[in-house]
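K.L.:
So the protein sequences, as listed, match chains D and B. Its first residue numbered 1, the first sequence is counted upward by one per residue in full-length UniProt numbering. Its first residue numbered 1, the second sequence is counted upward by one per residue in full-length UniProt numbering.
Wrong hints could be hidden among the right ones.
As the list claims (entries may be wrong) - Label-pair distances were calculated between CB atoms; the ranges are:
1) D:A455 with B:G261: 32 to 40 Å
2) B:P153 with D:E452: 53 to 61 Å
3) B:T327 with D:N419: 55 to 63 Å
4) D:E236 with B:G377: 38 to 46 Å
5) D:E452 with B:A357: 49 to 57 Å
6) B:D28 with D:R352: 40 to 48 Å
7) D:R81 with B:A357: 54 to 62 Å
8) B:G377 with D:R106: 46 to 54 Å
9) B:H39 with D:G58: 55 to 63 Å
10) D:S457 with B:D28: 25 to 33 Å
11) D:E452 with B:R228: 49 to 57 Å
12) B:G58 with D:E452: 51 to 59 Å
13) D:E452 with B:G129: 21 to 29 Å
If you are wondering where the hints come from, they were derived from the structure by calculation, not from laboratory data. Glycine included, every Cβ here is placed at the ideal spot set by N, Cα and C.
There are 2 protein chains.
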Amino acid sequence: MAERMVVVGGDAAGMSAASQARRLRGRDDLEIVAFERGHFTSYSACGIPYWVSGLVPGRDQLVARDPATFRDRFDIEVRLRHEVTGIDLDRREVVARDLEGGGEVRAGFDTLVYATGATPIQPGWARGGVAGVFGMQTLDDGTALLDWLDREPKPRRALVIGGGYIGVEMAEALLHHGLSVDLVEQADQPMSTVDPDMGELVAEAMRGTGIGIRTGRTVTGLDERDGRIAAVVTDEGPIPADVVVLGLGVRPNTALGEAAGLPVGPSGAIRVDRRMRVPGTPGVYAAGDCVESLHRVSGMPMHIPLGTHANKQGRVAGINIGGGYATFPGVIGTAVTKVCELEVGRTGLRERDAHAAGFEFVTVLAESTNRAGYYPGARPMTVKLIAERPSGRLLGAQIVGWSEAAKRIDALAVALWNNMTVDEMTALDLGYAPPYAPVWDPVLIAARKAVEALAHSGR
Amino acid sequence: MAERMVVVGGDAAGMSAASQARRLRGRDDLEIVAFERGHFTSYSACGIPYWVSGLVPGRDQLVARDPATFRDRFDIEVRLRHEVTGIDLDRREVVARDLEGGGEVRAGFDTLVYATGATPIQPGWARGGVAGVFGMQTLDDGTALLDWLDREPKPRRALVIGGGYIGVEMAEALLHHGLSVDLVEQADQPMSTVDPDMGELVAEAMRGTGIGIRTGRTVTGLDERDGRIAAVVTDEGPIPADVVVLGLGVRPNTALGEAAGLPVGPSGAIRVDRRMRVPGTPGVYAAGDCVESLHRVSGMPMHIPLGTHANKQGRVAGINIGGGYATFPGVIGTAVTKVCELEVGRTGLRERDAHAAGFEFVTVLAESTNRAGYYPGARPMTVKLIAERPSGRLLGAQIVGWSEAAKRIDALAVALWNNMTVDEMTALDLGYAPPYAPVWDPVLIAARKAVEALAHSGR
Numbered sequence: 001m002a003e004r005m006v007v008v009g010g011d012a013a014g015m016s017a018a019s020q021a022r023r024l025r026g027r028d029d030l031e032i033v034a035f036e037r038g039h040f041t042s043y044s045a046c047g048i049p050y051w052v053s054g055l056v057p058g059r060d061q062l063v064a065r066d067p068a069t070f071r072d073r074f075d076i077e078v079r080l081r082h083e084v085t086g087i088d089l090d091r092r093e094v095v096a097r098d099l100e101g102g103g104e105v106r107a108g109f110d111t112l113v114y115a116t117g118a119t120p121i122q123p124g125w126a127r128g129g130v131a132g133v134f135g136m137q138t139l140d141d142g143t144a145l146l147d148w149l150d151r152e153p154k155p156r157r158a159l160v161i162g163g164g165y166i167g168v169e170m171a172e173a174l175l176h177h178g179l180s181v182d183l184v185e186q187a188d189q190p191m192s193t194v195d196p197d198m199g200e201l202v203a204e205a206m207r208g209t210g211i212g213i214r215t216g217r218t219v220t221g222l223d224e225r226d227g228r229i230a231a232v233v234t235d236e237g238p239i240p241a242d243v244v245v246l247g248l249g250v251r252p253n254t255a256l257g258e259a260a261g262l263p264v265g266p267s268g269a270i271r272v273d274r275r276m277r278v279p280g281t282p283g284v285y286a287a288g289d290c291v292e293s294l295h296r297v298s299g300m301p302m303h304i305p306l307g308t309h310a311n312k313q314g315r316v317a318g319i320n321i322g323g324g325y326a327t328f329p330g331v332i333g334t335a336v337t338k339v340c341e342l343e344v345g346r347t348g349l350r351e352r353d354a355h356a357a358g359f360e361f362v363t364v365l366a367e368s369t370n371r372a373g374y375y376p377g378a379r380p381m382t383v384k385l386i387a388e389r390p391s392g393r394l395l396g397a398q399i400v401g402w403s404e405a406a407k408r409i410d411a412l413a414v415a416l417w418n419n420m421t422v423d424e425m426t427a428l429d430l431g432y433a434p435p436y437a438p439v440w441d442p443v444l445i446a447a448r449k450a451v452e453a454l455a456h457s458g459r
Numbered sequence: 001m002a003e004r005m006v007v008v009g010g011d012a013a014g015m016s017a018a019s020q021a022r023r024l025r026g027r028d029d030l031e032i033v034a035f036e037r038g039h040f041t042s043y044s045a046c047g048i049p050y051w052v053s054g055l056v057p058g059r060d061q062l063v064a065r066d067p068a069t070f071r072d073r074f075d076i077e078v079r080l081r082h083e084v085t086g087i088d089l090d091r092r093e094v095v096a097r098d099l100e101g102g103g104e105v106r107a108g109f110d111t112l113v114y115a116t117g118a119t120p121i122q123p124g125w126a127r128g129g130v131a132g133v134f135g136m137q138t139l140d141d142g143t144a145l146l147d148w149l150d151r152e153p154k155p156r157r158a159l160v161i162g163g164g165y166i167g168v169e170m171a172e173a174l175l176h177h178g179l180s181v182d183l184v185e186q187a188d189q190p191m192s193t194v195d196p197d198m199g200e201l202v203a204e205a206m207r208g209t210g211i212g213i214r215t216g217r218t219v220t221g222l223d224e225r226d227g228r229i230a231a232v233v234t235d236e237g238p239i240p241a242d243v244v245v246l247g248l249g250v251r252p253n254t255a256l257g258e259a260a261g262l263p264v265g266p267s268g269a270i271r272v273d274r275r276m277r278v279p280g281t282p283g284v285y286a287a288g289d290c291v292e293s294l295h296r297v298s299g300m301p302m303h304i305p306l307g308t309h310a311n312k313q314g315r316v317a318g319i320n321i322g323g324g325y326a327t328f329p330g331v332i333g334t335a336v337t338k339v340c341e342l343e344v345g346r347t348g349l350r351e352r353d354a355h356a357a358g359f360e361f362v363t364v365l366a367e368s369t370n371r372a373g374y375y376p377g378a379r380p381m382t383v384k385l386i387a388e389r390p391s392g393r394l395l396g397a398q399i400v401g402w403s404e405a406a407k408r409i410d411a412l413a414v415a416l417w418n419n420m421t422v423d424e425m426t427a428l429d430l431g432y433a434p435p436y437a438p439v440w441d442p443v444l445i446a447a448r449k450a451v452e453a454l455a456h457s458g459r
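Kindly produce the complete structure, drawing on both the sequences and the hints.
P.N.:
Structure, rendered in structure tokens:
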């Protein structure tokens with residue numbers, strides 16, 4: 001008789017695990033069932049801002065694979081709108097509620113993949129559910145927002161709360177709809193995923209597009225009038241708004257797992273070993289936005305919800321479930337985004353992270369261009385490096401620029417992954433041609449500057 | 001009394017060495033004199049095709065620093081139009097001919113930097129000097145070609161001989177002038193700096209722009225009529241042309257050095273140690289297109305003339321001359337270019353190089369896109385990896401694509417530099433956001449495919 005693999009959560013991590021296990025084990029050997037409480041499997045949450053903005057024409061384009069594809073091509077059964085409400089590790093079964101048909105389903109498992117993702121952080125004031133206030137995590141959230149933007153009386157003033165990736169991307173998306181857009185952020189700058197000096201470049205670019213940036217303000221409540229949002233209340237007074245998007249970050253969705261006895265680590269997310277197995281619970285794996293990952297630079301467990309990690313972790317879990325051997329060696333915090341035309345990339349530790357991890361370091365900011373200075377379309381690029389002293393080991397890097405800047409972070413990410421020193425990096429053989437780089441690539445210019453900073457840092 | 005540093009060749013390598021040495025040693029400690037036989041210092045030879053095409057408006061934009069700048073800002077004396085004709089290592093002096101004023105100059109040196117660059121390869125048939133036939137190495141070459149294109153009777157049929165970087169870039173440049181353009185290449189494909197499977201993608205793109213590609217043909221002579229080029233004679237008959245550009249590659253300019261007793265390595269270029277010192281000749285350094293470099297993958301000395309290496313090597317020489325410590329750890333053959341809109345990148349070994357070096361390996365070709373498939377402007381990208389078997393170590397990589405493809409080679413170059421295996425690479429934390437990559441970056445997709453190929457390769 002075939003064993004059964006049950007997947008809790010049918011998005012990137014869960015479905016990657018399922019697909020990968022299937023590649024290695026046929027249907028006669030392994031039955032695979034996935035429960036998903038939402039309406040979709042394997043959709044690109046990261047794509048939602050671009051669909052809302054109108055750049056991506058249709059919602060369906062964000063869905064990589066639907067349940068029919070999983071069934072027909074992979075012999076994987078997906079039960080949409082089924083919310084798993086309990087996991088019994090002793091009896092080795094899950095209980096799921098059918099959100100549409102009603103009733104309960106029980107499914108035994110030999111192997112379990114816990115891939116419940118993350119849920120948006122909702123402060124007390126956000127929990128009421130005021131009309132015109134939207135989270136932005138699911139495709140349904142996007143549909144609801146688009147409906148609201150289309151409905152009379154049409155909103156004109158948009159407010160985004162939170163200046164992280166989703167916040168800045170949604171601010172831009174709302175701008176595309178012709179709304180006046182403000183962004184409120186509790187910290188001193190939006191995009192605090194980079195250091196303040198780099199974040200200021202982002203804030204400037206956002207202001208340049210007409211987005212109002214209101215930093216250092218704490219939201220304390222929502223004002224509604226006639227059953228619709230009218231204003232957001234902050235510690236410095238109300239800001240009128242007739243549509244509000246919340247971008248306050250997410251936290252790992254651990255409640256179900258904790259109730260079943262899955263261990264939670266210091267980051268608040270589910271603990272896993274290198275093979276994505278949950279320690280102490282044989283046959284149980286976890287992957288994606290609900291787990292914590294080793295940060296290879298700080299050595300600390302971190303919760304970094306991101307589709308690319310979810311896919312990799314799911315793949316690793318699936319290979320191991322399939323009888324192969326694979327490990328997930330951790331993350332280094334690489335991320336890229338686009339704020340209107342400005343490109344932003346980061347990897348490794350920010351200054352504050354490096355301090356917190358106990359490193360001593362130097363930092364340098366190097367100004368350069370994406371192309372040879374004489375080549376048409378050459379635009380400014382700023383590269384920041386953080387290097388341990390006295391060793392010179394790269395600890396973190398950030399790039400802000402106007403064209404072909406963001407993905408340049410990859411070269412730095414691979415250097416950091418391999419524990420290179422900035423001195424070693426000055427010799428890197430990177431691609432050079434006038435349309436793509438000055439003869440000293442911005443990355444190399446920054447490395448040289450860091451070497452000089454280390455020499456002058458008194459050690 | 002100050003020591004004297006003499007630089008033979010005032011371009012990238014030589015002037016980098018001079019500038020770097022100056023940063024570390026003041027004028028009272030070190031006098032610096034550079035001899036350059038041409039009209040310019042520190043110009044971007046790589047930029048010539050873009051100036052000829054009209055993209056870069058003026059020749060002066062390609063000159064990074066002129067002699068006045070070197071004199072005023074760096075206390076470095078540059079003697080243009082002075083050709084060094086002899087180096088006497090025993091008497092420690094150079095003899096230079098003043099090409100304009102006439103006469104000879106002698107200059108003693110404590111330290112010598114040999115940075116004579118490379119000279120275009122000229123088969124016998126090209127040596128006559130037919131009007132309308134141009135090399136393309138110096139700014140003077142570019143000026144001469146532009147004059148010719150402007151002069152009556154205006155040329156209409158251009159022929160480029162040689163399908164390397166300069167050849168394909170010049171073919172495109174001539175297209176911009178409205179000429180009909182053919183390219184003749186002895187090998188079976190242009191752009192043989194990548195493997196034939198990838199080169200075919202380049203050839204296709206070139207044909208798409210209207211460039212005639214004539215491969216497998218050997219040029220044997222030039223036909224002139226009325227003192228002007230009329231046709232290029234090949235082993236398969238003549239090809240009419242009224243302007244011809246030679247892109248047959250270059251060889252290291254070693255004659256002067258060899259005459260003085262500088263050692264030449266197996267690649268035909270000047271030998272240097274890790275600090276860019278010429279072995280057996282104290283106080284003599286060499287750098288740039290005239291020297292050979294260690295290829296870190298094959299372990300062989302190679303001659304790879306490229307501005308980015310010249311600058312790095314010059315910097316290393318200058319630091320060592322300045323009393324510091326720096327080494328040049330070799331190259332891995334990274335190069336990028338643009339053929340009309342198609343972007344091409346490569347690093348490490350091609351299949352033929354890997355064979356020649358004695359490696360066993362697998363190769364994979366992975367098709368993907370530069371952005372998330374649903375994001376506007378997503379374009380195809382092909383990544384080829386060559387991985388040693390059974391170890392899985394990356395030996396080489398090539399990328400061809402339509403947008404933001406070329407510089408993606410950098411992530412692969414840094415991985416290769418650090419001896420990563422394709423298995424390790426599948427976990428790399430590269431930047432992900434829909435405008436910049438699918439959730440599995442093309443580089444990671446290729447690495448996964450290589451892992452599978454290794455598993456099926458029977459070892």
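K.L.:
Of all the hints numbered above, which does this structure not satisfy? Sort the numbers upward.
P.N.:
The structure breaks hints 3, 5, 12 and 13; every other hint is satisfied.
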